[in-house]
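**Student:** Each chain, written out:
Protein chains: 2
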Amino acid sequence: MISILPLDRAQPTPLYLQLYEGVRRAIINRQLTPGSSLPSTRDIAALLDISRNTVVNAFQQLIAEGYLETREKSSTFVNRDLPETLLSAPKISGIAHPSPEKPALSKHGQMMATAKAHQARKGNKHNIFTNGVPALDLFPFDIWTRLIARHYRYAPLSLFDETVSPQGYLPLREALANHLRTARAVKCDAEQIIITSGSQQAFFLAAAMLLDPGDKVWMEDPGCMGPRAAFISHRADLVTIPVDEEGLNIEVGIELAPNARVAYVNPSRQYPLGVTLSLARRLKLLEWAARANAWIIEDDYDSEFRYSGRPLASLQGLDTTGRVIYIGTMSKIMFPALRIGYIIVPRELVAAFTAARGAMDKYPPMINQLALHEFMTEGHFNRHLRRMRAVYDERRGLCEDALNAELGGLIQLGTSDAGMHICGYLPPHMDDFAVAEAAEQHGIEVLPLSEFYLGPTQQHGLILGYTGISPDYIRVGVQTLAKVLEQFV
Amino acid sequence: MISILPLDRAQPTPLYLQLYEGVRRAIINRQLTPGSSLPSTRDIAALLDISRNTVVNAFQQLIAEGYLETREKSSTFVNRDLPETLLSAPKISGIAHPSPEKPALSKHGQMMATAKAHQARKGNKHNIFTNGVPALDLFPFDIWTRLIARHYRYAPLSLFDETVSPQGYLPLREALANHLRTARAVKCDAEQIIITSGSQQAFFLAAAMLLDPGDKVWMEDPGCMGPRAAFISHRADLVTIPVDEEGLNIEVGIELAPNARVAYVNPSRQYPLGVTLSLARRLKLLEWAARANAWIIEDDYDSEFRYSGRPLASLQGLDTTGRVIYIGTMSKIMFPALRIGYIIVPRELVAAFTAARGAMDKYPPMINQLALHEFMTEGHFNRHLRRMRAVYDERRGLCEDALNAELGGLIQLGTSDAGMHICGYLPPHMDDFAVAEAAEQHGIEVLPLSEFYLGPTQQHGLILGYTGISPDYIRVGVQTLAKVLEQFV
Chain A
4 MISILPLDRA
14 QPTPLYLQLY
24 EGVRRAIINR
34 QLTPGSSLPS
44 TRDIAALLDI
54 SRNTVVNAFQ
64 QLIAEGYLET
74 REKSSTFVNR
84 DLPETLLSAP
94 KISGIAHPSP
104 EKPALSKHGQ
114 MMATAKAHQA
124 RKGNKHNIFT
134 NGVPALDLFP
144 FDIWTRLIAR
154 HYRYAPLSLF
164 DETVSPQGYL
174 PLREALANHL
184 RTARAVKCDA
194 EQIIITSGSQ
204 QAFFLAAAML
214 LDPGDKVWME
224 DPGCMGPRAA
234 FISHRADLVT
244 IPVDEEGLNI
254 EVGIELAPNA
264 RVAYVNPSRQ
274 YPLGVTLSLA
284 RRLKLLEWAA
294 RANAWIIEDD
304 YDSEFRYSGR
314 PLASLQGLDT
324 TGRVIYIGTM
334 SKIMFPALRI
344 GYIIVPRELV
354 AAFTAARGAM
364 DKYPPMINQL
374 ALHEFMTEGH
384 FNRHLRRMRA
394 VYDERRGLCE
404 DALNAELGGL
414 IQLGTSDAGM
424 HICGYLPPHM
434 DDFAVAEAAE
444 QHGIEVLPLS
454 EFYLGPTQQH
464 GLILGYTGIS
474 PDYIRVGVQT
484 LAKVLEQFV
Chain B
4 MISILPLDRA
14 QPTPLYLQLY
24 EGVRRAIINR
34 QLTPGSSLPS
44 TRDIAALLDI
54 SRNTVVNAFQ
64 QLIAEGYLET
74 REKSSTFVNR
84 DLPETLLSAP
94 KISGIAHPSP
104 EKPALSKHGQ
114 MMATAKAHQA
124 RKGNKHNIFT
134 NGVPALDLFP
144 FDIWTRLIAR
154 HYRYAPLSLF
164 DETVSPQGYL
174 PLREALANHL
184 RTARAVKCDA
194 EQIIITSGSQ
204 QAFFLAAAML
214 LDPGDKVWME
224 DPGCMGPRAA
234 FISHRADLVT
244 IPVDEEGLNI
254 EVGIELAPNA
264 RVAYVNPSRQ
274 YPLGVTLSLA
284 RRLKLLEWAA
294 RANAWIIEDD
304 YDSEFRYSGR
314 PLASLQGLDT
324 TGRVIYIGTM
334 SKIMFPALRI
344 GYIIVPRELV
354 AAFTAARGAM
364 DKYPPMINQL
374 ALHEFMTEGH
384 FNRHLRRMRA
394 VYDERRGLCE
404 DALNAELGGL
414 IQLGTSDAGM
424 HICGYLPPHM
434 DDFAVAEAAE
444 QHGIEVLPLS
454 EFYLGPTQQH
464 GLILGYTGIS
474 PDYIRVGVQT
484 LAKVLEQFV
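For the record, the sequence lines run as chains A and B.
Heads up: the first sequence runs through residues 4 to 492, numbered per our numbering.
Heads up: the second sequence runs through residues 4 to 492, numbered per our numbering.
This is chain A alone, in the form it adopts within the complex (with noise of 0.2 Å):
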């Protein structure tokens, strides 16, 4: 018995816990088998010189695991119930394997085993050019804590049990719906709108309700790598489809895939060109998904930064079919790490879309919805936007400046009347692959234009967020990236 269960008293682990899992182990490796008697807990605890406590405890558990089993009064045996040929742990290992691989994933599983739609950002200090990050140094954290404290402490507690609907918070669905009719020309209201944990979600939600494996998807190509993410892992056929200045080809994508099933666009900025999909072509889109019996997926991610005038109206506002599918996030206004998002879906499709969205994961943690209600509805919201927008108008400023200063002949830059970043394009004999490496080892954080091609590269370039830089660093950041481009000149 000493010898099956060496007792360690210099061990953290309880004595009681030893005991246990010896016994365990004993009855697994079939040193104790199935209906032998062991001693009372009397003799073992004698005998191992612990309190017959110890002993007891471990019994009880074992007891309760199904290990061993008590007949009569006192005694305790190795249940007998136990199938030998079963116990022994080499013995199990040895059945595991007939044949040496595990089973397989699903057919679904193993796209998903291939997207990439999240790259963690690898931040540096100052943002240089990183690409998408809000400026969270001015974010008011201290108002967005005080509201979240307030509700932690004076929500009913039932908004904390499990009384919410996978749709969301219907207070903050209506707030939403507010900002979006005023602010993007959405029309829609709190019924059509779905609460997701980030668009991310809003995409793989979508994918899974519109597309079967097979399904073709017009994808603006160079393109976004979530809602790609989202379509591949539902086996979607991906079809390319080059973007102008005008936005998406329509005329393209009409050649290519006049009976896609979805497409995919940004209408009121192209990711990462920048580009507005053009009255024209918006008409052109609708009457096409009309025709085609398609739906539209209108990802409008960073549109509410527009310097001049007001955000461009959506493309949902302008359809009159219902085929528009809106998906919007909090990460730019907000911050990434808040994981909020929405969809806004036909009113015939909202029941089914929300079961969906509660077969996902439910709903969003709470607090969070009912803080980010209050933060719309007292104006913290819409003053945060407009503050940005401005301290991001400066900044872009800034940046085309010192762009234009020290790289303009290598450098050919974007639109930017909107968004967060600005693309510039290089010429066509350097690698921006190899130019992001280059800045890397610089320490700024460029994104390489022909990461974002699905098909060919068509045009090399970087990708250059403004955001998230203080104006201090952005002419020693440009400079940076001139030093790095000589290198490829």
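Among the hints, erroneous ones may be present.
Same chains, same label: a pair holds when it works inside one copy or across any pair of copies.
[Said to hold, decoys possible] Only pairs whose alpha carbons sit at most 30 Å apart, straight line, appear in this in silico DSSO-like list of lysine-lysine:
id: 1; residue 1: K486; residue 2: K125
id: 2; residue 1: K219; residue 2: K76
id: 3; residue 1: K128; residue 2: K486
id: 4; residue 1: K486; residue 2: K110
id: 5; residue 1: K219; residue 2: K190
id: 6; residue 1: K219; residue 2: K110
id: 7; residue 1: K219; residue 2: K128
id: 8; residue 1: K190; residue 2: K76
id: 9; residue 1: K128; residue 2: K76
Think of the hints as simulated: they come from the structure by calculation, not from any bench.
Here the structure is a predicted model, which is why all the values come from computation and not from measurement.
Following the hints, put chain B in place on chain A, whose structure we already have.
**Tutor:** Structure of chain B alone, referenced to chain A:
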């Protein structure tokens, strides 16, 4: 012009927006046709008796959105590139319905639309018999809020940006691994843990990764709704397996579906019956999975609350072949609306599951991961767990005593050595749905056992939650239930 543009100074909408909207509508309706020229901004201002600036603002927006264009310096035209045939709303909606129906949902989407993963609790004031609700009034929200506020104040800002891995915050995964190794005998390290948005996302993720349409899944019957919804969503073929006092009947499983791809099981405490999977059955299940090249999904949802001895060791800890996927939740120890759960997968699946999880919704809100990590490492988690174990044990005792005293003949109580509810079996002639409905009219929320059967109902009963109810209301709750049951005798 004035008839096209009826401005209304009484409206809250700014005049320039009214003007913008009026011109936009006139173009869409073809009251203004492509190529036609507009009066100068000065003339319009005079005509409508508004400031010229207002007109300029409206025109700038209309130009930006492509409705208008300027050719020579000062003249403005309706954009000539607008496809005339596509303009005018009636025309668009005319084209829109060549076939009256909308494009259908995908097959996956159609199944997801039927999912009933989440039924919002109605909630009753005293949580009388409400199922699965923790004693939220005893949760240390003050400590929790302090941790949240501290991290918003002092955590590096980069943690609120996209620098996070979809696998989750590493220190939290480490704290969890420590907890689960000790408390649940799970064999894992932080590297195998993926933080999810609640256990529902873990079920959904596992279903997506492991199941192709038509694959068979062993399901305990009666059993849980959430995982069932996840598997049905992925068009799996659910095979219902009876549960007896030893838990899932493995022999029946082998008989009905020897080649199932997944077995879903609650070994520690079966939901809703409360029984434990016997050791003999555990060994047989592992042996079958090895032989059949199948996966086992272990859902360990509330067994941390065990009222005598330690929690029972997990099935995962007994597995030597890496076929068990372990899923847990923070909803019971913390609170449901926190939406944090976890999935522990064999090492070789970590990369695939992490990529897939990223495609679904990136990662859960960072602040909750940061605060939960500290809540665990500072000892609040274990302290709260210990405290709740005592509180729930007391409530359980009071409930059982009251139920036996008031309803001794009518209701037969199942095991309640762990967890958050008791299953009270009703006589065969009593319809538990009808009882639950009648109880609801008396303000009591009991779940009918029948609801949890996928196959034919084998036993009628009531799921009686006792964790959220304050001791003061236990007797009155039981008396009310007795009154309800009297109608059915």
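**Student:** Against this structure, judge whether each hint is valid.
**Tutor:** Here is how each hint holds up against the structure:
1. K486 x K125: This pair counts as within: shortest intra-copy Cα distance 21 Å, inter-copy 64 Å.
2. K219 x K76: neither (71 Å within a copy, 45 Å between copies)
3. K128 x K486: within (19 Å within a copy, 68 Å between copies)
4. K486 x K110: For K486 and K110, the Cα distance exceeds 30 Å both inside one copy (47 Å) and across copies (54 Å).
5. K219 x K190: within (27 Å within a copy, 43 Å between copies)
6. K219 x K110: both (18 Å within a copy, 15 Å between copies)
7. K219 x K128: Intra 42 Å, inter 51 Å, cutoff 30 Å: neither.
8. K190 x K76: neither (75 Å within a copy, 35 Å between copies)
9. K128 x K76: Intra 70 Å, inter 46 Å, cutoff 30 Å: neither.
Checked against the numbered hints listed earlier, the structure breaks hints 2, 4, 7, 8 and 9; every other hint is satisfied.
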